[in-house]
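Trainee: Single-letter residue listing:
Number of protein chains: 4
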Amino acid sequence: MGKARLEAFSDGVLAIIITIMVLELKVPHGSDWPALQPLLPVFLSYVLSFIYIGIYWSNHHHMLHTMKRVNGSILWANLHLLFWLSLVPFVTGWMGENHFAALPTALYGVVLFMAAAAYFVLQYCIISANGGKESLLAKAVERDRKGKVSQLLYAIAIPVAFWEQWLADALYVLVAIIWLIPDRRIERMIEE
Amino acid sequence: MGKARLEAFSDGVLAIIITIMVLELKVPHGSDWPALQPLLPVFLSYVLSFIYIGIYWSNHHHMLHTMKRVNGSILWANLHLLFWLSLVPFVTGWMGENHFAALPTALYGVVLFMAAAAYFVLQYCIISANGGKESLLAKAVERDRKGKVSQLLYAIAIPVAFWEQWLADALYVLVAIIWLIPDRRIERMIEE
Amino acid sequence: MGKARLEAFSDGVLAIIITIMVLELKVPHGSDWPALQPLLPVFLSYVLSFIYIGIYWSNHHHMLHTMKRVNGSILWANLHLLFWLSLVPFVTGWMGENHFAALPTALYGVVLFMAAAAYFVLQYCIISANGGKESLLAKAVERDRKGKVSQLLYAIAIPVAFWEQWLADALYVLVAIIWLIPDRRIERMIEE
Amino acid sequence: MGKARLEAFSDGVLAIIITIMVLELKVPHGSDWPALQPLLPVFLSYVLSFIYIGIYWSNHHHMLHTMKRVNGSILWANLHLLFWLSLVPFVTGWMGENHFAALPTALYGVVLFMAAAAYFVLQYCIISANGGKESLLAKAVERDRKGKVSQLLYAIAIPVAFWEQWLADALYVLVAIIWLIPDRRIERMIEE
Chain Z
1 MGKARLEAFS DGVLAIIITI MVLELKVPHG SDWPALQPLL PVFLSYVLSF IYIGIYWSNH
61 HHMLHTMKRV NGSILWANLH LLFWLSLVPF VTGWMGENHF AALPTALYGV VLFMAAAAYF
121 VLQYCIISAN GGKESLLAKA VERDRKGKVS QLLYAIAIPV AFWEQWLADA LYVLVAIIWL
181 IPDRRIERMI EE
Chain Y
1 MGKARLEAFS DGVLAIIITI MVLELKVPHG SDWPALQPLL PVFLSYVLSF IYIGIYWSNH
61 HHMLHTMKRV NGSILWANLH LLFWLSLVPF VTGWMGENHF AALPTALYGV VLFMAAAAYF
121 VLQYCIISAN GGKESLLAKA VERDRKGKVS QLLYAIAIPV AFWEQWLADA LYVLVAIIWL
181 IPDRRIERMI EE
Chain U
1 MGKARLEAFS DGVLAIIITI MVLELKVPHG SDWPALQPLL PVFLSYVLSF IYIGIYWSNH
61 HHMLHTMKRV NGSILWANLH LLFWLSLVPF VTGWMGENHF AALPTALYGV VLFMAAAAYF
121 VLQYCIISAN GGKESLLAKA VERDRKGKVS QLLYAIAIPV AFWEQWLADA LYVLVAIIWL
181 IPDRRIERMI EE
Chain L
1 MGKARLEAFS DGVLAIIITI MVLELKVPHG SDWPALQPLL PVFLSYVLSF IYIGIYWSNH
61 HHMLHTMKRV NGSILWANLH LLFWLSLVPF VTGWMGENHF AALPTALYGV VLFMAAAAYF
121 VLQYCIISAN GGKESLLAKA VERDRKGKVS QLLYAIAIPV AFWEQWLADA LYVLVAIIWL
181 IPDRRIERMI EE
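Residue numbers (full-length UniProt numbering), protein chains in the order written: chain Z, 1 to 192; chain Y, 1 to 192; chain U, 1 to 192; chain L, 1 to 192.
If we strip away everything but chain Z, and leave its shape as in the complex, we get (with noise of 0.2 Å):
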């Protein structure tokens, strides 16, 4: 009931949401070198973000093949997530116009962290709704390493930030390439 269009409000904001974040890309006024110049950490940023995007569109779409049931819960489980990642191309701007510099990296990791917690109360309410422990779901996502992991490298990420910035950049680049690495759990429980 209704899932294909919690998938279709999803892709829309998600596909609004990784096209809205070149829009911070302004155009410059001249037409060399020096004037493209500036706009490299605001591209860097719009890199990353577009592949923390990406993920999060791949592990949805997974996440939501498994799914069968949808309710109440599931709507706004989503609808929160959404909003996370809807604040995504905001501090992917701040952080890029201003170099990395430490507060809008900090605010980036936690924009990250609040996603990703969001990403697993919206896991935990489809596990809930469609056979709880025992769904293919649950049994896929049972160990959950790279979830878990991820949200550590966050919490360590934000503090790191006001100390020194790069560290804190350097960490959420390593996250993007931890889930770069794609993850076949659920496809491979399909499988069998």
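Treat the hints as calculated values from the structure; they're not laboratory data.
Please read all numbers here as calculations on a predicted model, not as lab measurements.
Do not rely on the hints blindly, as some may be mistaken.
[What the hints assert, rightly or not] Here are the simulated lysine-lysine pairs, DSBU-like style, with alpha carbons at most 30 Å apart:
{"no.": "1", "chain 1": "L", "residue 1": "LYS3", "chain 2": "Z", "residue 2": "LYS146"}
{"no.": "2", "chain 1": "U", "residue 1": "LYS3", "chain 2": "L", "residue 2": "LYS139"}
{"no.": "3", "chain 1": "Y", "residue 1": "LYS3", "chain 2": "U", "residue 2": "LYS3"}
[To be verified] Chain U is nowhere near these chain L residues, computed Cβ spacing over 10 Å in every case:
{"no.": "4", "residue": "ALA8"}
{"no.": "5", "residue": "HIS61"}
{"no.": "6", "residue": "GLY131"}
{"no.": "7", "residue": "TRP163"}
{"no.": "8", "residue": "VAL173"}
We treat Cβ as the ideally placed atom computed from N, Cα and C, and that holds for glycine.
Position chains Y, U and L relative to chain Z; hints supplied.
Mentor: Coordinates of chains Y, U and L only, in the frame set by chain Z:
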């Protein structure tokens, strides 16, 4: 006939509305706390409007779920609802930038009032075209206390905004809370 | 083949066009009535264009409903229509900001004229690929008085804008009203 | 598995990219011809990029049509393509605002080149996961003269832009024309 496309178009517009609002959160030039502080009221108004659009999406989702027949009136009643909701980013931004001043707060209420009225018109059109008073939807929303209370609270909040603006804002928050308690009416009817 | 995706892409573009227009309603800095007043013509032009895009979406919806076969010509005729409609936010904003001055009003007419012409081309391509003159759609739009009258009125409005701009604006409103009276031709044909 | 959602997300992103570009056509303050004139190069670059995104959408549409199996590599190859296409609005705006100056023209070519390369990678991933060299798609694109010629012309245009910028622009227009002649390869294969 055409129900899927009506849903897809509505989902698209609602996804854009909910995401475009975040563009009002303009990236500040500084990178410290004082630079972030003026954004607080804009952020709060964003959260409130995000929840409102989420509520509309969720209710719209449930209402269209029961619908079997689409006609011209439903298409236009739906566009009418989307028109008022498309003004939400504007009034949200105006209210946020002016720290919930009297006139923006009142105008926010006017847009919410008109959107709620447009929702009732859409509901009426769907019931008319899908079995009338004996239909599933008609029975599910027969009493519709939430809808009536919301309309009343908006109508109260609009003049109150000019007298005590924070009271009006509190009323908007109250309506959002009323709706966040999930509307199980239609879900229950279907199960029965 | 591929009809669903053609609809989805068109819905996406139309949803964005209709929503992006509201961004021309720039949040004013003051919070009183005088701050709101200069937005009135922008708002009026927004309402007019919202209705026009709504009409196109609704007619497009009906036209594609009868379609069975998609080919390359239809894809490109559809993109051509979307191109002209994508210019609507620009001419709407220009017309609104200049209080319906002569040249913006005329250009608004040019874009509407070209969009209407593109719609005819799309209609022709769909009829060609779906049974020709004997097809359901061909019969439904055989006379197409509304379409021809609209084209004529746009063609009149463009030069008239330089002479008496309000008359041209009145013609645009008139065309919108003509179409708002719902087009039951195709609906009726299907029922018969 | 999941093909519908991959298409929906891609359609969403492409629809937003194609529509967001029009935002670079900033509403001018005057209401006469001289106010409109500086927008001409921006408009021309918009037309060119609209056609390019249309070509990508159309080819993407045909390519995914033959696809039966989706896996993680396809998801990411698709996101990689969307990443490069998401930069099109930026380079379009930069090229338009600077009247097709050398560096923006060259960068436009770089983005087109990378998007074309990403398209090939996606094609390769789809073929690998859907039957390999014996698959319908593999046979349809076996020679792929258009694709190879485009890549070559982009590679030529990039250095040429620094020497004779108009020649580079002419090459971009030429590639667009090559592709506008519809690609019936896949269509023909399916019919056979």
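Trainee: Now tell me if each hint is right for this structure.
Mentor: Going down the list of hints, with the structure as the test:
no., hint, verdict
1, L:LYS3 <-> Z:LYS146, "holds, 26 Å"
2, U:LYS3 <-> L:LYS139, "holds, 24 Å"
3, Y:LYS3 <-> U:LYS3, "holds, 15 Å"
4, ALA8, "violated, 6 Å"
5, HIS61, "violated, 6 Å"
6, GLY131, "holds, 20 Å"
7, TRP163, "holds, 32 Å"
8, VAL173, "holds, 16 Å"
When the structure is compared with the earlier hints, violations turn up for hints 4, 5 and for no others.
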